[in-house]
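Peer 1: What follows is the residue order along each chain.
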Amino acid sequence: MINRKAIEIIHLMKRFDNITAVNDLNLEIYSGEVFGLLGPNGAGKTTIIKILSGLEKPTEGYAQIDGFDVNRQINRIHELIGVCPQQPAYYKYMTGRENIKMYGELHCLNSNLIENRTRTLIENIGLTEAADRKTDGYSGGMVRRLNLAMALIHDPKFIFLDEPTVAMDPQSRRATWGFIRDFKKQDKTVILTTHYIEEAEELADRVGIIDHGKLIELGVPKALIEKYRVKNLEEVFIELTGRKIREEI
Amino acid sequence: MKLQRIRALINKELIRLIREPANLFMVLVFPLILTMAFGFAFGAFGSNSDVQYKVGIVDNDVTDWSEWFQGNVTNMQALSIFNYEDKDAAYNDLKTGKLSAFIIIPKGFGASIENFRKDPQSISGNEVVLELALDKGSMIVEGIIPPFIQRSLTSTIFGEKALSPPSPVSIGTPMFVDPIKLTQFDFMMPGVFSFAAIFLTMIVAQVLTEERSMGILSRISTTPTTSEEIYVSLICSNLIIGTIQVLMILGASYLLGFRPQTELFGYSLVIISVLLVVIANVGFGLIIAAIAKTSSSATGLAFIFILPQMFLGSFIPVSSESVSKLVPTFYATETIKNLFLRGAETTSTSVQLSILILIFYALVVGGIGVFIFNKFGKK
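If you read the sequences in order, they're chains H and Y. The first sequence begins at 1082 in our numbering and counts up by one. The second sequence begins at 3 in our numbering and counts up by one.
Just chain H, same shape as in the assembly:
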């Protein structure tokens, strides 16, 4: 049930030398909501996720997660969040199981819990057969699924998914969508950045479209489609961000 503010972003600015990656962003994300963060390459989506994860310090403004300030209480926030980075980050010389378990250890879970959750996650992401193999032999899709499982071992209240389905085959992608729907059922708050607009349309309760670091539109996908009188969310996206090809910052 969507009720209270879970994440609050107020006048958030992030500048890298001459580039403004996030420009006076104000946003509220509610508890139990799947929020789609959309934008062309270099729009500032990943920077927002990094600020919320404590990997970047905002130049101005602040953000709160579950009432904790990202500038001052990031250690408390790290206990609550699970981050699935855009670039899968895992140890190639370790097995899939070892990678997942290690993140359980880093969250100081007890060994039985780590064991049980790792087993469940491995089954859910379909890595049962490969779980005890070194990950340097995994396919791109397997690595992506492992990347997701590593973010979930501590059963986080807030999940940040940065392009989680890039390079996944349709089966893996559908399975990941299933996960995201389950998060919603479990009342978890999810921020999902994606280039697949239909993914956001399918999964997100609300979407925010960002361009040049600014929030240019915010709303429920259906409402936005009606507002712009187009067939789908992708057309809303193109209408707002234009057809020019963008590059990463």
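Just so you know, the hints here were simulated from the structure itself, not pulled from any lab data. Possibly wrong hints are sitting among the right ones.
Dumping the calculated DMTMM-like pairs for lysine to aspartate or glutamate here, alpha-carbon to alpha-carbon at most 25 Å [unchecked claim]:
#1 H/K1238 x H/E1204
#2 Y/K295 x H/D1217
#3 H/K1215 x Y/E212
#4 H/K1312 x H/E1279
#5 Y/K381 x H/D1098
#6 Y/K381 x H/E1244
#7 H/K1265 x H/E1298
#8 Y/K4 x H/E1204
#9 H/K1138 x Y/E212
#10 Y/K380 x H/E1244
#11 H/K1215 x Y/E22
Derived, one-sided and incomplete: chain Y residues facing chain H with beta-carbon distance under 8 Å [stated by the list, open to error]:
#12 K4
#13 Q6
#14 R7
#15 I17
#16 R18
#17 K100
#18 G217
#19 S220
#20 S223
#21 T227
Yeah, the Cβ is synthetic: ideal placement off N, Cα and C, and Gly gets one too.
Put chain Y on the given structure of chain H with help from the hints.
Peer 2: Quick look at chain Y alone, frame taken from chain H:
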């Protein structure tokens, strides 16, 4: 700081060491091969057998006297004799290192001795010159061979008794003491202990740059893991690796005949001194990782710290000790030499001073490494 996190990060490092063949080779196999190679090359094997110097003899006289002289030279256990037909062949073998020296017995050698023995006063006009050629590159040959030849010549001309003329003072029955025979291998081994640790600079730099470029460091930073826990685990895992290195090298060198002249506490001090070098090298690794963009550039840059430590403070003889004092390995090697070779007391000033300097190095270099990597190396 949570012990569970530190343990998880240490485990991860040890798994990497075992499963990454390149790291395993560099950190454990390479020092072991080096120890074995030094053992074979510098005298660990056969160090109890007597050394023999090869001496060529060209006999241009061919008399009973020249043969007797040759026999006396052959009796010298330190010399191994080879006969040559002419000077050129002996010269070539000396030039190419097959001989340490050669002697030319001139024509008239026997006649000269015969005349001298008939009339000892009639030396003038009878003397002949025994030519001796020595390997110029060996100071040992220069020092050892001429006295042996002189002794053989005296024995030939005057007989064995001439070597022990009557004396009012005699030497008693000798007491046989098993001497500590130090070979070149023994002198090199202390440096090998330090040498093994310096490559951790490269490994630490490679691992950190790789984890950074793969986004692993960032990902860990989104968990409750603190920077302190990361650095403590990095140091602890390398201390474990350093301890394994010391024990392996010690075991291998012992099998090759290296016998440290110290007691249990001395061994502990040796391990401590190497571990302090390990901490300093973790610091160097952190500095390199902060500068290097990629793992391969970290490999190259690591030699900035590896080479000076290798050439100035490990097993390579150094001409200028004052420059060597700039590198931490020098103090570890000195501590190990003092304890293992010279049998120094663990309470000796030189040992304690070296350990204190190493503690200083570990704290300063380790601290600088953490500071620089924290400031510039994380992203």
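Peer 1: Check the hint pairing H/K1265 with H/E1298 against an upper bound of 25 Å on the C-alpha distance.
Peer 2: holds (23 Å)
Peer 1: So, as I understand it, the hint says Y/I17 touches chain H; can you test that by seeing if any CB pair is closer than 8 Å?
Peer 2: holds (6 Å)
Peer 1: Does H/E1204 sit within 25 Å of Y/K4, going by the straight-line distance between their CA atoms?
Peer 2: Judged against 25 Å, a Cα distance of about 30 Å means the pair is violated.
Peer 1: Have a go at the Y/G217 hint: is there a Cβ in chain H nearer than 8 Å to its own Cβ?
Peer 2: holds (4 Å)
Peer 1: Holds or violated: is there a CB of chain H closer than 8 Å to the CB of Y/R7?
Peer 2: Holds, because the Cβ-Cβ distance from Y/R7 to chain H comes to roughly 5 Å (cut-off 8 Å).
Peer 1: With a cut-off of 8 Å, does the beta carbon of Y/Q6 approach a beta carbon of chain H closely enough for the hint to hold?
Peer 2: At about 5 Å, which falls below the 8 Å cut-off, the nearest Cβ of chain H leaves the hint on Y/Q6 intact, so it holds.
Peer 1: Taken at face value, is the distance from the CA of Y/E212 to the CA of H/K1138 at most 25 Å?
Peer 2: holds (23 Å)
Peer 1: Tell me if the interface restraint on Y/K100 is satisfied: Cβ within less than 8 Å of some Cβ in chain H.
Peer 2: violated (52 Å)
Peer 1: Take the C-alpha atoms of Y/K295 and H/D1217, compute the straight-line distance between them, and say whether it is at most 25 Å.
Peer 2: Holds, at roughly 22 Å.
Peer 1: Does Y/S223 hold up as a contact with chain H if the rule is Cβ-Cβ below 8 Å?
Peer 2: Since chain H brings a Cβ to about 6 Å from Y/S223, closer than 8 Å, the hint holds.
Peer 1: Are H/K1238 and H/E1204 close enough, with their CA atoms no more than 25 Å apart?
Peer 2: This hinted pair holds, its Cα atoms lying about 21 Å apart.
Peer 1: Closer than 8 Å between Cβ atoms is the bar; does Y/S220 clear it against chain H? Give me holds or violated.
Peer 2: With Cβ-Cβ at 5 Å, under 8 Å, it holds.
Of the numbered hints stated above, those contradicted by the structure are hints 8, 17, listed in ascending order.
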